[in-house]
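Each chain, written out:
Number of protein chains: 2
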Amino acid sequence: MPSVFSFASPALHCLPAAMGTTLALHSPLAPTSHHFSSSFSLRNGRRLLRNVSIQSYIWTSKLQAQPGLLSDGFSLKERATSSGVAVKCAQEKAAATVSRPAFTQEEFEAFLVNLQSSICDEAATADGSGKMFGFDKWQRGADPSNGYGITRVLEGGDLLEKAAANVSIVRGSLSEARAKAMSARGRGVEAGASYFAGALSLVFHPRNPYVPTFRSDIRYFVVEGSQGWFGGGADLTPCYLFEEDARSFHAFYKSICDKYSPSLYEESKAACDAYFYIPARKEHRGTGGIFFDDLETFQKDSDQTANGGASEEPDTDAVFAFVRDVAQGFMPSYLPLANRRRTIAHGEAERQWQLLRRGRYLEFNLLYDRGVKFGLDGGRIESIMVSAPPLVAWKYDVAPEPGSREAELVKILQNPRSWT
Amino acid sequence: MPSVFSFASPALHCLPAAMGTTLALHSPLAPTSHHFSSSFSLRNGRRLLRNVSIQSYIWTSKLQAQPGLLSDGFSLKERATSSGVAVKCAQEKAAATVSRPAFTQEEFEAFLVNLQSSICDEAATADGSGKMFGFDKWQRGADPSNGYGITRVLEGGDLLEKAAANVSIVRGSLSEARAKAMSARGRGVEAGASYFAGALSLVFHPRNPYVPTFRSDIRYFVVEGSQGWFGGGADLTPCYLFEEDARSFHAFYKSICDKYSPSLYEESKAACDAYFYIPARKEHRGTGGIFFDDLETFQKDSDQTANGGASEEPDTDAVFAFVRDVAQGFMPSYLPLANRRRTIAHGEAERQWQLLRRGRYLEFNLLYDRGVKFGLDGGRIESIMVSAPPLVAWKYDVAPEPGSREAELVKILQNPRSWT
Chain W
109 MPSVFSFASP ALHCLPAAMG TTLALHSPLA PTSHHFSSSF SLRNGRRLLR NVSIQSYIWT
169 SKLQAQPGLL SDGFSLKERA TSSGVAVKCA QEKAAATVSR PAFTQEEFEA FLVNLQSSIC
229 DEAATADGSG KMFGFDKWQR GADPSNGYGI TRVLEGGDLL EKAAANVSIV RGSLSEARAK
289 AMSARGRGVE AGASYFAGAL SLVFHPRNPY VPTFRSDIRY FVVEGSQGWF GGGADLTPCY
349 LFEEDARSFH AFYKSICDKY SPSLYEESKA ACDAYFYIPA RKEHRGTGGI FFDDLETFQK
409 DSDQTANGGA SEEPDTDAVF AFVRDVAQGF MPSYLPLANR RRTIAHGEAE RQWQLLRRGR
469 YLEFNLLYDR GVKFGLDGGR IESIMVSAPP LVAWKYDVAP EPGSREAELV KILQNPRSWT
Chain D
109 MPSVFSFASP ALHCLPAAMG TTLALHSPLA PTSHHFSSSF SLRNGRRLLR NVSIQSYIWT
169 SKLQAQPGLL SDGFSLKERA TSSGVAVKCA QEKAAATVSR PAFTQEEFEA FLVNLQSSIC
229 DEAATADGSG KMFGFDKWQR GADPSNGYGI TRVLEGGDLL EKAAANVSIV RGSLSEARAK
289 AMSARGRGVE AGASYFAGAL SLVFHPRNPY VPTFRSDIRY FVVEGSQGWF GGGADLTPCY
349 LFEEDARSFH AFYKSICDKY SPSLYEESKA ACDAYFYIPA RKEHRGTGGI FFDDLETFQK
409 DSDQTANGGA SEEPDTDAVF AFVRDVAQGF MPSYLPLANR RRTIAHGEAE RQWQLLRRGR
469 YLEFNLLYDR GVKFGLDGGR IESIMVSAPP LVAWKYDVAP EPGSREAELV KILQNPRSWT
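If you read the protein sequences in the order shown, they are chains W and D.
Add 108 to a position in the first sequence, counting from 1, and you land on the number used in our numbering.
Add 108 to a position in the second sequence, counting from 1, and you land on the number used in our numbering.
Since the hints were derived computationally from the structure, they do not count as laboratory data.
For clarity, every value in this text was computed on a predicted model and none was experimentally measured.
Just so you know, not all the hints are guaranteed correct.
Note that identical chains are pooled: a pair holds if it fits in a single copy or bridges any two copies.
As the list claims (entries may be wrong) - Straight line, CA to CA, 30 Å or less: simulated BS3-like cross-link-like pairs of lysine-lysine:
| id | residue 1 | residue 2 |
| --- | --- | --- |
| 1 | Lys503 | Lys245 |
| 2 | Lys288 | Lys481 |
| 3 | Lys288 | Lys390 |
| 4 | Lys519 | Lys245 |
| 5 | Lys245 | Lys390 |
For reference, chain W alone in the conformation it holds in the complex:
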């Protein structure tokens, strides 16, 4: 019955759909061991538990998997020996015995770190300059239990003038201000409560003005005594509009959303337009994508649409499956269009326009972005400002010539369009 799957990361996001499964082994194996135990736990996805006997998951750790150390009623039967990137396992016990929460903070953390690693490898390969992502691991303060970050940056590449992939893991007690801000958003949380926040975020600033800037992230937040929630998204910020790029990018994420809830894409698309908006400029930042926050569960209706059956499992699982799909889609959603545009010749005027548009990018980040505000509250400034473009220009009151490609872009940014 068991079979082995080996796959490279570009195809990884397609696997659950192709297999018709969402059962996942979340490997706690990470590039460094001291944050993780070496024990395994195999968690259920949602809905398809009873019909699934095989599951695989990528890892890149140097640690070795230990067959037989699975918890919660699953066991690891075999481990692929080739390349160390795939495992196989069989479901041996009713999934209903799996207890909440269906995944641990440590497993989410491992997912982030592993994905960061494979994304950096893939992005450096695509860049092709020979430049690599650095690996800068830092701690939050003196106490390692407060969390850490891994900031990975490639600067001066051919495709990527600057690219950053950051993991951030925060454990702490909610400050008065944060508790208040969360309560204002409908979370009944209290100052002093312990919390966990884990995130992976990417910003790719391409060199060629015809290649759009790419930003994406996923994040998980849980406060002691309440259910956790997810956030994330992915969006494009072009300097020049290629309708085809905007359409393919949106279609990509729509197909992921549609697997989970019929309204999910429309809501996330609208939220993205609403979030990445500069009121003072009356401009949206880019051509959008998806953006979601405070995601704990999907609607009952959409659950059934997605799976056609009743659920006995916590909905957080479904949301995690969605978030995982989104995150594993980051590179496949972006690289094809980046490769399409990277060789278009441009002159100094297009470069200038790019530098000016990057100014808008930064304005949004520093004036409005909630993540930046959150990060500045005790965070590490270099890991926040790493999202800044490498070179930015501001000129006074620049207005593109009517009818120009520059004017066309601005018009779209002022009036977001449906792309699907």
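Using the hints, position chain D against chain W.
What follows is chain D alone, placed relative to chain W:
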């Protein structure tokens, strides 16, 4: 008795001291007429009213002064015909008859606009490239009575890679948020109260990395039913430290402060260091200068120190005299040191360092500056973002070489020093 003074703006700030007077004619003449009446009012300064018979004031308007139309017991006796820049007048009636407030909003406004004009002329001359400051006048919304701005920018100069001198005049009703923010700062103001805010602000981004960036402003704020208050300041943001420059700059403003209050300089210097601070970087933005806010009156002690006599006049007058001295000092405090450093040769490494330091400048503006937040609330973004440097770079986690001039600067920014 009357005599005529003609003076160029560099000397203007010295006049009250040189003359031993603070009596001032605030010309309501402005480059455009529709915001001002053509009537005059001559206001008293403080303390020296009885001994002063002569006063002069600069203007640059194309409007003609109308002799004889003075209010409040003063009259305009003569008007200089040469160049249209100086007037003379005589005190004809006891100053005690002058009613509060000792100057009007319109007069403050005229002061701002006139000073802006002379500063732009002087800065363009110093720049020497032939580039001029534009003149961009805009309204706050459809109703002209809500105020306006005059944004003046020089880009691509020889000394000044980008320089902006902005006047902003706001008339409106306090929003809930602003009233709350002000109340939190100890002002018992209520939402809906009408207010006036007038400001002149300068930002000079020099081309040569050895010339510091210069920022300065003055502002007056008054809410219906309460006394107005002043704010302002001037400070330097160098990329390379020249101790002599920091010392002469601080000494310049200390000498102005000392005329008004013995503690004024120390307080304003400390406030400047405290305000221009980036907590996330643990760095002060520059080598400081002075910064003051909520200034309504000086201490009684300092009043006597400054003038040696009792006062019958409102202290707002003294504060306005101080603010005027500060504002008229902007160019004389900066130009000499800019001229000292502008010809020092530099290479690409110094330019790169300058672009990185400009990143800090912008981070402060967008993350922390109260003026930016105030401006964004209904303001005009181009007139706020005009303070942005023309070209800025961000690199990940740059640390200057120990012992280098770059490291020397950072050390000073982390530990503000006394410069007087």
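Results of checking the hints against the structure:
no.: 1; hint: Lys503 <-> Lys245; in the structure: between (37 Å within a copy, 17 Å between copies)
no.: 2; hint: Lys288 <-> Lys481; in the structure: both (14 Å within a copy, 21 Å between copies)
no.: 3; hint: Lys288 <-> Lys390; in the structure: both (29 Å within a copy, 26 Å between copies)
no.: 4; hint: Lys519 <-> Lys245; in the structure: between (42 Å within a copy, 25 Å between copies)
no.: 5; hint: Lys245 <-> Lys390; in the structure: between (38 Å within a copy, 20 Å between copies)
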